[in-house]
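Using the sequences plus the hints, can you model the full thing?
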Amino acid sequence: MIALGIEGTAHSLGVGIVTKENGKCRVLSNVIKMHRPAEGGIHPREAANHHAEQAPLVLAEAVEKAGISLSEVDLVSFSQGPGLGPCLRTAATAARALAVSLGKPIIGVNHCVAHIEIGCGVTDCTDPILLYASGANTQIIAFTNGKYRVFGETLDIGIGNCLDKFARDHGIPFPGGPEIEKLARAGRKYLELPYSVKGMDLAFSGILSSAAQYIKRGETVEDVCYSIQETTFAMLTEVAERAMAHTEKNEILLGGGVACNARLQEMVNIMARERGAQAYVPPKPLCVDNGAMIGWMGIVMHEAGVRMSLAETTVNQRYRTDDVHVTWRSG
Amino acid sequence: MQHEKLIRRGAEAEILLSDYMGRPVVLKRRVRKSYRTEEIDFRLRSYRTRDEAKLLHEARRAGVNVPVIYDVDVQNGQITMEYVEGKRVKDALHSMARAEMEALCMEVGRSVARLHNANLIHGDLTTSNMILSDGKVVFIDFGLGAKTESVEDRGVDLHVLMEAFESTHSERPDCFENAWRGYEDICWHGAAAVRQKIDDIIRRGRYRS
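If you're matching them up, the sequences are chains S and B in order. Residue numbering for the first sequence follows this note's numbering, starting at 9 and increasing by one per position. Residue numbering for the second sequence follows this note's numbering, starting at 1173 and increasing by one per position.
Just to be clear, a hint being listed does not mean it is correct.
[As the list claims (entries may be wrong)] Calculated cross-link-like contacts (lysine-lysine; reagent style DSS-like; alpha-carbon spacing at most 27 Å): (1) Lys1369/B to Lys1262/B; (2) Lys1205/B to Lys257/S; (3) Lys32/S to Lys257/S; (4) Lys206/S to Lys1369/B; (5) Lys1226/B to Lys1205/B; (6) Lys206/S to Lys1205/B; (7) Lys197/S to Lys224/S; (8) Lys1177/B to Lys257/S; (9) Lys1226/B to Lys190/S; (10) Lys1262/B to Lys257/S; (11) Lys41/S to Lys292/S; (12) Lys197/S to Lys1369/B; (13) Lys1177/B to Lys155/S; (14) Lys73/S to Lys292/S; (15) Lys206/S to Lys1226/B; (16) Lys1262/B to Lys155/S; (17) Lys292/S to Lys257/S; (18) Lys206/S to Lys1262/B; (19) Lys206/S to Lys1319/B.
The hints are simulated quantities; they were obtained by calculation from the structure and are not laboratory data.
Right, here's the structure in full:
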């Protein structure tokens, strides 16, 4: 089976074409186009316009790179939520049009769950805790008692949002994460920032105000970036470890754009090693928002017997991870 | 060096059995985490150790049974406390007659109310964190506790208790209601508002199952 997945929850429009081989996910192509605002943050409508313009081009490029013809696609899947309404609707419309014109089944998938399933599809992990760290989402997810459950999450903003907002306020272009990572490498001095972990939940907004104060007082951007990374990533690693202890699982999977950060990967690796567990990180194009994971999720669900009528493909901006009815896993 | 025996390894601390001036004691040692910088690591281990010792102390003053603290070593993140002999409430509940169960759950509820009356939150009210010792319920592990007046936090505290009863004692469906009777009985600050919070929390998507 060949599945074509369309991702469009936020700033990126992605089309990925995947197939299943020996129980694992084989990515035939994975094209991502990201909306980069000239200044400021993402405006949902502008991002949706970007997606509408790019959809036909990205689709054509993905099909060409996969070396198939469109008629060979057996299944169309798309990100049904959670995300920005206008972006979700654009991707869903593209998916519906494609599925109807090809006469192929369509499946809407939960974006957060797709991050965990693609990890299991391309690495050796089978039943991990997912540390999902992206712009809007920061969650610790694991499968227990028939569902993907959220064991901990941000109480205010996503970790990526925190990094982007700091970057924007200090003249670093969007997305701020990679640039902060570079600056942080030159940082030497640790500046104390609020460390807000409540059980398995986190809060980041206090860090932003505190970091801005340091800059005002003349601390270097490098030191502040270093301190932001050390603090927020220690928080993420701590709650991930707590969830592992709580669920007694010994695999940890990283997902989301922030998971590409080498320092976060290093911290999670050390944590896992010290508790005799294993850490897994999918390749970067499968960590960020991408169509391949949506395609793979489609295959996983289709194989478990999930079918959707067009009427069931309405998007859901607040699609909760624990609202997903899981029929493809047991335990 | 005293004899030490590891009995539990949590996410942040090791629990060891040892002795202190001839008495059996429990050591709670917050271990160094090498994934985080020295500054963060020291700050977290020492602050949390100090805060937990403070909470234990205040809980005792509020009339809740907690282990006696013998020593607090903030530099090394270690609390030395009384070893409480007994059975976890989690295990005790399974083999109890109905009347006994009701009395125990009510006592759990009363103790939680005493904590809340003193503006204390336990933070992890599972039945594994309560020991039935000589007919008394002793609360342990204030590692996630806090000092707060927020009704939301009280609601969360009791919601954790509700879930603990439901998940491990599903054969005893009225555990929580008995605990609630005890709580309501001596709660000073409007039990109705707390109950409302618990209902709100249950309705939030995250906790629906």
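Enumerated hints in conflict with the structure, sorted upward: 9, 12, 13
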